[in-house]
Amino acid sequence: MLSLFLEFKRQVSDALWSALESLGLETGDLGLEPSQHADIASKVAFRLAAQAKSNPKELAERIVDAIELPESSLIGDIKTVGPYININVGRNYVDNTVTRILEEKDSFGGGFCEGRILLEHTSANPNGPLHVGHIRNSIIGDTLVRILKKAGYDVQTQYYVNDMGRQIAIVSWALLQFEFDRSKKPDHAIADVYIRANASLNADPQKVAEIDKRMQLVESGDVETIRSFDEAVGLAVSGIKQTLLRMNVSHDSFPHESAFIRSGAVLRIIEEIKATGRTKDDNGALVVDLSDYGFEKTLVIQRSDGTSLYTTRDLAYHEWKGERADRMIDVLGADHKLISGQLKATLNAIGKPEPEVVIFEFVSLPEGSMSTRRGKFISADDLLEQIEQQAYLEVDKRRPEMPDEFKREVASMVGIGAVRYDIVKVSPEKSTVFNWKEALDFEKQGAPFIQYSYARACNILKKAEEEGKWDPTQKIDPSLLTEDTEIDLIKKMASFDSIIDLCARDLKPHTIAIYSRELADSFNQFYRFVPVVSAEEDDIRASRLVLVNCAKIVLSNALDTLGIGAPESM
RNA sequence: GGUCCCGUGGCUUAGCCAGGAUAUAGCAUCGGGCUUCUAACCCGAGGGUCGGGGGUUCGAAUCCCUCCGGGAUCGCCA
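Residues 2 to 571 (my numbering) are what the first sequence spells out, left to right.
These are computed hints drawn from the structure, not numbers from a lab. Every residue gets a Cβ at the ideal spot worked out from N, C-alpha and C, and that includes glycine. All clues given are correct.
Once the Cα atoms are required to be at most 16 Å apart in a straight line, the calculated EDC-like pairs of lysine to aspartate or glutamate come out as: (1) K426 <-> E439; (2) K492 <-> D522; (3) K408 <-> E389; (4) K408 <-> D397; (5) K476 <-> D540.
Here are the computed distance ranges between Cβ atoms for each label pair: (6) V82 <-> F407: 47 to 55 Å; (7) K298 <-> Y453: 47 to 55 Å; (8) Y453 <-> V82: 35 to 43 Å; (9) P401 <-> E484: 32 to 40 Å; (10) P206 <-> G307: 17 to 25 Å; (11) S535 <-> H38: 30 to 38 Å.
The whole structure should be built from the sequences, with the hints applied where relevant.
Written out as structure tokens, the structure reads:
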């Protein structure tokens, strides 16, 4: 079903077009935009002033005079303010919104897109635990998944497992050299031996030959080497999965790079690229010329020892994905900008569909960039542990009378929510520096603010129910909702689906984070100024209770889209 | 050196792609509000050369050029 806001916008466009037509004016752009002065505003008078041989202010008035509105319009009033045409929604829009939220409940806000999407995110090398840089990928990726699902797409998520790269050769070698600490979470124990192995390889460069040997063996299918790679990867991935699950992130499948070697897909795609005539031999390595795509340097797709590279296997992986989805989306760190551009160009050159790539900039530490190899990182597990402890203290302070189980449950929701919100609220293209003080700060107007609004809505309904004042089946009249804060809240809720639509199109998840905060803000305004349970008249109380129920539904949907828990009490 | 991203009050940040009405919020600071549905809330105040300069335009945080600062990257790592 079309978004009410978009339907309103369409009606505004229609009304303006026909008004312009009656005035004999033409334009390609009505200059419609949301505005702080109206629900939507048009700047069209600026553009057409010259054509109409008039000044913008006068023209705006003439246009508004020429507008005719049908009886059932969602448009309320149209006014000029100087050269601007300000359009507000009408009662129909407000009433429809309430009705629609009650009907659609959990599904309110989406369902207007269709098609299959394969979205890849996180895909961190299994050489240690996820760190605070990786989870920016996970959180952006998972939020996008939730947005796209909400929009109506059939979304499958994948974590592409590097089980053949140099790092993994080092990890599997490390497991033979050093003792693996079974008492630790396996991804952390893997990092320990990986860091030791790197130090050892640095100290004695002759050992590097052993790593090269292992890479050749694994690619040629040596059973024992494959087994040892698999063991290393399995240990790391099992730990990574636990961390992701703790953050409400899950993947539908974990395709392994090696599968594309063993299926022969890598060799096939190399042949396809060769057939374009773009390849040449460069000191024994096979390289692709992408200069016509703007890449000065060639792309290596086969080493001089005949083994494949990450890029080659990634090409085969994307070919496979392209055959199974209408849209492919990859969430990648800024270090992948160049390589993903080359990947897209190569796919294009062989006539295959290209992925849409969402790039996020790095999270660094005050002392510099993070590195698993050097052991310079803050693990996601550490962050989650600390933030949940911090959250527990906050709950304990505010609700000392509640049982420990309640406190832990809320602390978990609030802590995880705070981490997810803090990360997703910032545009992906901003690079950030991790800071413990800020990461553990609950005073910011972030996830807890939104969760608290939800809990407040739940509490009102609970209280009304206890007093026998709440009957969810009762028919109400939405037109009794006339307070400014009530109308503002309803309008804000109405725009949820247009935000989902925008996010699904632009792949910018921070928009939904900002919307959710604004929604909570609107609810808090309503909460502050309008009594619900204690409202004097029965029919007004009933319609306000319905409004609270609507807010509960939309807040819950928004939180769900952010992957943040919605506590009924906190 | 080339290429890409970022630069908005003390700090964090929206708006920029599709240029227009007093530049968005939060934190911090200062002041006010709990006998009324949980104050993880609400109200108010101060605080901004939108990195610098130039250009396009009736109009630039937004588009173009240039410089400065930060991040990323520049074939057989991923």
